[in-house]
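Enquirer: Each chain, written out:
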Amino acid sequence: MPAPLRSRTYKGDGCAMTEKLAVNGLDTSYIIKKNQKFTALSNISFTVSEGEFVTILGPSGCGKSTLLDVIAGLLKPEKGEVRINGKEVGKPSLEVGFVMQSYALFPWRTVRKNIEYGLELKKVPKKDRREIAEKYLSLVNLGDFADRYPYELSGGMKQRVAIVRALAYNPNILLMDEPFAAVDAQTREGLQDELLNIWEQTKKTIVFVTHSIEEAVILSDRVIVLTENPGTIKAIKNIELVRPRNSDIRGTIVFRDYVQQFWKLLHKRSEDEDVLSEGDYKI
Amino acid sequence: MKKLVGFILVVCFFGIWELAADQNWIDTQFIPAFSTVVKEMAEMIQLRVFWEHIYYSFFRLAAGIVIAVLAALPLGFLLAAKLPKVAAFVTPFLTNLSLVNPFTLVPVFIILFKTGETSKIVIIFWCVIFPALFSAMESVKSFDPVLIKAAKSMGTDGAKMFFAIILPGCFGRILTGIKTSVTFGFTVLIAVEELGADSGLGWLVYNAGKNYNIPRMYVGILLIAVIGVIVATLLDKLQEWSVRWEPKEAL
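Residue numbers (this note's numbering), protein chains in the order written: chain A, 107 to 389; chain B, 5 to 255.
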C-alpha cells in the first residue's frame, strides 16, 4: 500500500521555486603524472532549488567529493561554472557550509567556540555570537557540552557540532561530504533523524554526498546518481516519500522499492528504463 | 606526597649545610654558613642594584625567547607549508648550525654585538631559535590537512589562517620543543654574564667572587638556582595550558 506514503513533492517542475544552486557543464581533471590526466568529473549539470535536499549518490572514487569541493570553491573546475544565488563561485566563502566525514572540529576550541568560528569571520559581535551559538547548541541538544573540547565528545556528538558550526553563520547552502560514514550504524541512524529534524527546522538547502543508497532515500527530495571513471550523471530521481520523515520509513515497502531501484541503477547498465518514472531524468 | 618529600629534602640540605658550618666540618672561609648567606641576602634585597641584576637577567632571557619564538613561527610556517623544497635543502644546514656549541660562539657574539644587551639576547636567541624552528616546521608539517580544509571552506586565508588556525594548533608543540633549550639558554646566559657584562646574576656571582665577598657569591648562586626553577615551572605551566585541549592520555 504505497499510496499514503507518497506525497507530491512541492518542487516537481522546478520552476516555482527559486534556484539556489546551479552547476553548468562541469569538467574537472587531475594531472596524475606528466602528460597523464585523470578526468574526475565530466559534463556535470544540475540545479538545486531553495530548501531542497539533494543527495549525490555514487560508488567511491566517482568524484562525488570532488564535485562538492568545486561547489564550495575549494577546487577550480576545468570547464563549466557553479552559481549560488546566481553569483558565480570563485573562492571559498561563508556562502556555503561544509561538513566533512572526519568532523574537522578545531581541537583547541571548545564546542561553543567552534560554533562561533564562522561568526567571528563574519565579525558578528561577541554577545550575538554567544546567543546564536546557544541557539544551535540547543538545536542539537548539546547545551551541556558547550565548554568541552572536541576530544571529550563521541563521534556522533562531534558530527552534530560540525553540522551546527556550518549552519551557525547562516550559509546559503549546506554541503555535506559523507558526514556519517565514520560513525557506527546506530549512531548513523540517529544522526540521519537529527539531520532531517534540523533541515525541517532551518529550511536549509542541502547537497549531501553519500555512497549509501538507504541514506540517500531516507534523506532526499532528489537523488543524483553518479557513475565512476569519469564521474558523469547517470540519473536524477525524485524521492516522493512523505515529509517529515524519520528512520521508521525503512520498514515500508515504498522505501525498499526505492532502494531496489537505485541498486539497479548503480549496478546494471542498460536495463534501467523501468526504474525511472515520469519527471526523473536520465543521460 | 612527592612535594612533601621534596620539601623535606631541601630543608635537610640547608640544615646539614648549617650544621656542617657550625661544627667546622667545612671551611667557612670558602663555604660560609647558610645563615650567613641568608643574612647577606637580607641586606642585599634592600639594595636597588640587587633587583636590577635580577631584572637584567630576566629581561635578557625573556627577550631572547620571545624574539626567537616570534621569528621561528612565521619562518617555520613559511618553510614547511609554502617552501617545502627550500626547507629540504636548508634543514641539514640548520641542523648543523644548531649543533654548534653556543659557548664557543660567545666570543663571536661579544665581538659582533659588544658587551651590551644585544650580545646576551642573541645568545638566548641562538639557543632557542633552532628547537623552536624545528618544532614549528614539524608541527606545521603534521598539521591535520582536514582542519585547513575546514577553515578554507569558510573562506579563511592568509593571515587569518596563520593566526586563527595554524598558531593555536601548533603553539603547544612549539613550547614543548623549546622547554629544555630555554633552561639551557639560561645556563649559557649566566656564563656569558660572567664573561662579558657589568650586570646580571652571572656578573653578580663573578664580581662577588673576584672581590672575595664569598657570602654574596653564594647568594647569587642560590638566586640563579631559584630563578632557574621558577622559569622552568612557569614554562611548564604555560605549556600545560597551551595543550589543555589535547586528550590527557596522549601526553
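Quick caveat, the hints were computed from the structure, so don't treat them as lab data. Some hints could be false.
[Stated by the list, open to error] Below, computed lysine to any residue pairings styled on SDA-like, alpha-carbon distance capped at 25 Å:
#1 A:Lys219 to B:Thr99
#2 A:Lys139 to B:Gly162
#3 A:Lys193 to A:Phe152
#4 A:Lys197 to B:Phe81
Enquirer: Run through the hints listed earlier and report the numbers of any the structure violates, in increasing order.
Expert: 1, 2
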